[in-house]
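**Student:** Taking the hints into account, I'd like the entire structure generated from these sequences.
These protein sequence lines map, in sequence, to chains A and B. Residue 13 is where the first sequence starts when you use our numbering, and the numbers rise one by one after that. Residue 5 is where the second sequence starts when you use our numbering, and the numbers rise one by one after that.
None of these hints come from the bench; they were simulated from the model. From a predicted model like this one, the values you see are computed outputs, not experimental measurements. We put the CB at the ideal spot given by N, CA and C, even for glycine.
Residues from chain A shown here face chain B by an in silico Cβ test under 7 Å; the list is partial:
hint : residue
1    : A202
2    : E205
3    : D206
4    : A208
5    : A209
6    : Q211
7    : A212
8    : A213
9    : I215
10   : Y216
11   : I319
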Amino acid sequence: MNALGNRWVRGALVVAVIVVALGLPIVGTPYLIDVGTLVLVYIMLGLGLNVVVGYAGLLDLGYAAFFAIGAYTTGILMDDAHLAFWWTLPVAACFTALSGVVIGTPTLRLRSDYLAIVTLGFGEIVRIAATNLTFTGGPEGLYGIAHPTIGGFVLRSPQALYFLGLAFVLVVLAGSYNLARSRLGRAWLAIREDEAAAQAAGIYPVHSKLMAYVLGAVFAGAAGSFFAVKLTAINPSSFTFIQSVTILMVIILGGMGSLPGVILAAAVIVVLPEVLRAFDQVRMFAFGIGLIILMLVRPQGLWPSRIGQIERRAVAVSEASAAAGVAADAAATTE
Amino acid sequence: MNLLEVRNLVTAYGSIEALHGISLDVADGEIVALLGANGAGKTTALRTISGLLRPRSGEVWFAGARIDRRPAHDIVRLGLTHVPEGRWIFSLMTVDENLRLGAYAEPRVPQAALDRVFTLFPRLRERRAQVAGTLSGGEQQMLAIARALMTRPRLLLLDEPSMGLAPVLVRLIIQTIAEINRDGTTVLIVEQNASAALRLARRAYVLENGRVALEGPSADLAKNERVRQAYLGVGAPLRAQG
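**Tutor:** Spelled out as structure tokens, the structure:
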């Protein structure tokens, strides 16, 4: 694909996304708006996990745990303490950050394989705890969570909740964008490229990784808080291992580290199963086939990041230069 | 007092000992070269000094502080910066991002350091926005040194800065190292190119199989028959100053 064509395609996609995002609540049916709101939740989750996996290169297999902690914090505080939605947000952020620190501090010193195992376990622990504790409502979970209010206005309609979600997404999007270009963002990229070289430049890898892990956790917590007031009912089945894998799929499908990629992939992951409802029995089977075809056609992701593109080119160049080096050595020995 | 003092340093990779107790000193303001064949332990010595490897025993003192138990990122903050072998630049970042990363230890990027680096390497100023992986080998080496200078080190450890470079670039890099030293930065350099290193450095150590085999002023070592045979080519006359 040539660069100009690529730019046109991308420009058109950006315009299309903005038109759909703003037009949906105006012309869409309540069902479509609900699907759109679910896309927004997955965008938030994808952007959060992207900080952990895409930016810092840490494999987290239990990301839904932070999503659950955010959702349950907001749900319990609103149900039992009758706190306003907005007051539960900072509390949820603190809880998710704290759990991120507790899980991250010992495990981030180890190789990333161990992190994957520990996070996998953490995800299950949180889900099983939520299923068995009484204050989390057990397997039935929490229900009757109040709608959020702004001023005296209750956000009850699908449209209002959609716009609340959109506002959340914009904040998380701006945060992610700036993080990638910050001092911390450079440190993450440096660690991903070469941890020892990063240390030689004065970066303490454990600290930088912990920051990524905790920030990702807070993003998921915010998504969880929104999720709780959007559905007004939550239960442990929303926070399974499959949920963690689905969020991971969003960033792999989109192209690691790419923000537009997360948005596109979140839309695909949510909308595709809806479109396939016509197939009824084989719906999830068709969904799986669809994802496999997408990864075969675009292994680099739907919208690869700048870094991702350079990475692939660098591999190609180094292979070419290795081949050239062999050729040059051969030429030198025959001289 | 010496800026760097290394005492009986022993470093091992698992059960294989690479350094069998080396000692060396670097005084404030000098350039010292570390020579030796492949596998003699030069790179291991530098990596141990900068904290990337933990010594099994022995001591490293820098500016009066013992640093052999400190982590690498901490040692950088004390003013000892290592330019590792093979131009460890961050190839996915731009030149500018690499330099900013070099100043990571400081809360904001020091403009004075950036200006100095661009004065030393005007080529890097031209290529500021370019992705570092697309630079030529010489430019990448310049960037690796420039990034280290962003930390404003008192002591610079250079590992094979001339490796894989064309002769004209080797000369340029060597001249720049001399210039960096004139501005007040102490240098400990590991070099395969022994003749260039001996011309640049005031003193040198020769490592053999993880031990210091010879040490002394560069001029003496350049005349030493063993050094000439092993590192400068058998009986080859020393090339004139370039």
